[in-house]
Each structure stands twice: as structure tokens, then as C-alpha cells.
Amino acid sequence: MTPKNNLVIGIIIALVVVASYNVDANPIEFAEGLPNLAIVVEEMLLVEPKYIPTALWAMLETIQMAFIGTVVGTVIALPLSMFAARNLNSKYVYAPVRALLAAIRTFPSILWAILFVIMVGLGTFAGVLAIVMYTIGFVAKLQYEAIEAIDPDPVDAVSSIGVSKWQLIRYVVIPESASHLLSQILYMFEYNVRQTSILGLVGAGGIGFYIINYIKFFEYGKAAVFMLVVLAAVLFIDWVSVKIRDKYIVKSQHGMEVTTK
Amino acid sequence: MNDVWTSYDSKNFVLEGISLSIDRGTNYAIVGQSGSGKSTLLKLMNGMMIPSKGTIKIDYVTPNMNNKKFKKMLHTIGYIPQSLGLIKNITVLENILIGALPRLNTIQSLLKRFPEHEIQEAKRIISLVGLSGKEERKAYMLSGGEKRRVAIARALMQKPTILLADEIVSELDHVTAHEIMNLIADAQKRMNLTAIMVHHDMQIALEFANRVAVIKEGHKILEIGIEGDSIVDFQTGNINTEEIMEMYADDTKK
Ligand SMILES: Nc1ncnc2c1ncn2[C@@H]1O[C@H](COP(=O)(O)OP(=O)(O)O)[C@@H](O)[C@H]1O
Ligand SMILES: [Mg+2]
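Going down the list, the sequences are from chains A and P. The numbering of the first sequence is this note's numbering, which starts it at 66 and goes up by one. The numbering of the second sequence is this note's numbering, which starts it at 313 and goes up by one.
No wet-lab data here; the hints were simulated from the structure. Watch out, some of these pointers could steer you wrong.
[What the hints assert, rightly or not] The calculated EDC-like cross-link candidates involving lysine to aspartate or glutamate, where the alpha carbons are at most 16 angstroms apart (straight line), are:
hint, chain 1, residue 1, chain 2, residue 2
1, P, K446, P, E428
2, P, K383, A, E255
3, P, K369, P, D335
4, P, K450, A, E255
5, A, K308, A, E241
6, P, K446, P, E458
Let the hints inform the model, and build the full structure from the sequences given.
Right under this line is the structure:
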């Protein structure tokens, strides 16, 4: 450990202390609050199983919202990512597209949800639109980074046949970045399920609507049913996507061991 | 190609005054040590790079990828880079069909609808390069020799008039290297191709080429012609096999 490292660590610790003071993050208050947590947990243990069917339906609705949002968002994000990739476009094309995507990403999904609730009213549609926007911002970014990271050799080899730019994208860029794409979509879907679960907090549909309402009325036992369903669903989706990834992605990523020079 | 100078960083020249003249139908070899500028020379010929100084002409056209007229010429210039540039996750057949892309219209190419005769042509070339039965293999599953066969087939699929190949057999064992070189030599003769091949091994070049240029540190230090068993040094006009053999033995040592 060099003195320079020590200094950096010291500065980080100091910043954490100052920031905690500023935001009123007080460990003592946390400790004092623990008994409250105990009460909540105790009440949550009074899980009311007769709400399980409702919770499952609400979760299904949430997953459907996340699914539509992910698919539509990805479909819009893909062409945008082609225009945002530095290795395929001139500065005049990629710079504005990137700026637009960056602007989209500055909004967390809950803010998009509020905006769309104002635009199209309360309900699931506002939530779907919020997820679409969020997905566009992130998938496009992940994807243009994947495109920029593809092996330049096939791009050069095929460009030197004198093919058109569209042919290059269709036959080199898409296949070379496809394995990343599948894993990104899976990741985005998992993430969107979690996000959609809380969009109900601002009235944009999904299971969060039930959770926030039961919590408001201190019905922790009912809220717990819904939260457990979310937990189970998220774990299940994680597990499924790990399976999918193992099956389709790990295999296709064995590189070509052509060594150069 | 006349008095060509090239630089990657506008300070150090990689090629310093190279002049070459290659006749149509020649089997031309460029030999030199690693870092002597061989790959750079090929990239100048297919317009991926443009010289800082000097002129290059292929049939009176200056190679430059951004020039429309030259881009059309590229359709029939096969280029096999040192790294081959195959697409890993698609099949042998799909990789090879890429060579036919310039002959497809926009709709066919966006929908991946290759006309039946192009698929037949690809299959013919696949058997020609000895890959029959491996059409549906993914490119990343192939051996080094097989990958080279795919790259050659993709270039042949272009119906090329010129074939540029960068150290295509350098990493292969002796037997496979000869199989691959024979394959190219056959195609070269049959299609009356102008083959321009870079090697770092002089032996291979002498065996297969009609002409060999030796490059050292960005200069052409020797150019020889081969007719049967006799070797002619074009710079001095000498026909002295032993002496030339000794010279290149020094110059192409790794
Ligand atoms: N993209 C590049 N950027 C900068 N320098 C390069 C680049 N490619 C090659 N060079 C340099 O140019 C010289 C010749 O390279 P190259 O043509 O690849 O040689 P060879 O193919 O004979 O091994 C080397 O000194 C190498 O370091
Ligand atoms: Mg090289």
C-alpha cells in the first residue's frame, strides 16, 4: 500500500462522513429504529394466504408490462445504437444520437412513470411507456458499446469487399454483437421486472400499487404477501435467465483462436 | 506502384520509397521479416490505407476505399487479412456467401435471400477448398487450416481478378501449408488470377511464386523472378541461385 493509496482511502472516508452528516444518515438513529423493524417483521409474519391469488395476478400483470416494455424498447434501441456507434458513423451522426440517449438515461424510470401518468393517465399503459423509455436509453447504450467493441478484423475484411454499409451491419456487426445482445435483453428484462414492481407507487400500474396501499394502511401482513411474490418472481426469472445464458451464450462466445503476428 | 511512402503516425515512415510493378496473371510474393511493412503494403493495394507520398494504380485507378469507382473494383479484389476476419458465430456457408454480397440487391441482402445459383456456386467452392460436409459448422469450431480454407473460399466467391493474401500459411504446419498453397496456385492458374501473397518464409515464396520481392525495414531490397529452376535478380540481371539463396537466408531470418 503506497502513501498515495492511503491518501485516496482517507479522502473517501472523510467524504462519506461529511456526506452522511449532510444527509442526516445517523447510525445511532438506525440502531434505535431496529425495534420498529422488528414490529414490522412480526406483523409481516401474519401473512394472509388468501391474498396469494390476487398477488399472483398482479405479478403476472407486472411481468407482462416489463415484457412489453423490454421488447418495444429494445426494438427502438437497436437502430438507434447503430447510429450511435463511433465505428460505423461520422461524428455528425453519432454525436446527436448519443446526446439524445444520454438525455433519456438521466431520468430514472419512476420519473418517466410520473411524466406518462400525467400524459396518458393512471394505469398500466403509463408504466409500460416508462419502461420503454428506460429500456431505450440503456439497451441502446449497452449495444453501441458492444458494437464498438466488436473485433475490427471481420469488419475490415468484409469492408474490403466493397459491400454497402447496410450489408456490413447485417452480415458482420449484428452477428458479431448478437451474443451480447441476448444477454443484455435478458438482463434488462430482469431489471425491468424489478422496476415495474415499484411503478405502482406513482400509479403507473403493476404490483407496487397494492404494496404501497397496504403499507399506507399499515396492513403489513397483506403487503408481505405481495412482496414475497415479487421476491419469488424475481428469483425465478434470474434462475431462468441464467439457464438461457448458459445454453445459448456461453457456447457462442468461444473466440476464434486465430493468433496474429 | 511508384515510390510509395507510408506512415501511421505522420512521423515514422513504415514504407520508404517502394516501387513495384505487378503484371496481370502473375503469382507474386512479398517476403520480409515481421514488422518490415508487408501487411501495410497490402492495405495500400486494397485502399484501406492511402500513401503519404507516391502513387499506386490498379488498372489506372487509385486505391481508396472511399472512392466510388475503386469500391466497385474491390468487389473483385479478394483480400485475406493476416487475422482472416471470419465471422465467428455464423456458419462456413454463410461466411463464404459474404463474398457474393456485391452481386445482391438491397432487398435480397437485407433478407439474407441468396439466389439459388449463388448457393450452388458457394457449395462448388466449398468442395473445391476441401470443406465438403462442413458447410453448417460455425466458424469458431474450425481448425486453423480450415479457417484459412473458408477465408480463401470467401475470396473466391467474389469471382476475383486479384487475390491479396497476408501470411495465410505462416502459422501452419508444413503439410497443411502446402495443401493451402497448392489450392491457391490451382485457382490462380485456372482463373488467371493475379495473386499477391505475403509470406515471411522465403522457401514457400520460391516454391509457388513467379516473382518475389523482398522487403526489409520498408525498403525493397531484392526482386527476383523464377522460371523453372533458375532465379533471376531483376536489379542486377544476375542469374545466380546460390548467392541469392544466401542473401534471403540472412534477410528473412526471424
Ligand atoms: N495500425 C498501426 N498503427 C501504427 N503502427 C503500425 C500499425 N500497423 C503496423 N504498424 C507498424 O508498421 C510497421 C510495419 O507493420 P506491418 O506492415 O504490419 O509489418 P509486417 O506485416 O511486415 O509484419 C511495424 O513497425 C508496425 O509496428
Ligand atoms: Mg503482417
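Hint by hint, here is what the structure shows:
no.: 1; hint: P:K446 <-> P:E428; verdict: violated (19 angstroms)
no.: 2; hint: P:K383 <-> A:E255; verdict: violated (45 angstroms)
no.: 3; hint: P:K369 <-> P:D335; verdict: holds (12 angstroms)
no.: 4; hint: P:K450 <-> A:E255; verdict: violated (30 angstroms)
no.: 5; hint: A:K308 <-> A:E241; verdict: violated (22 angstroms)
no.: 6; hint: P:K446 <-> P:E458; verdict: holds (9 angstroms)
The structure is inconsistent with the numbered hints 1, 2, 4 and 5, although it conforms to all the rest.
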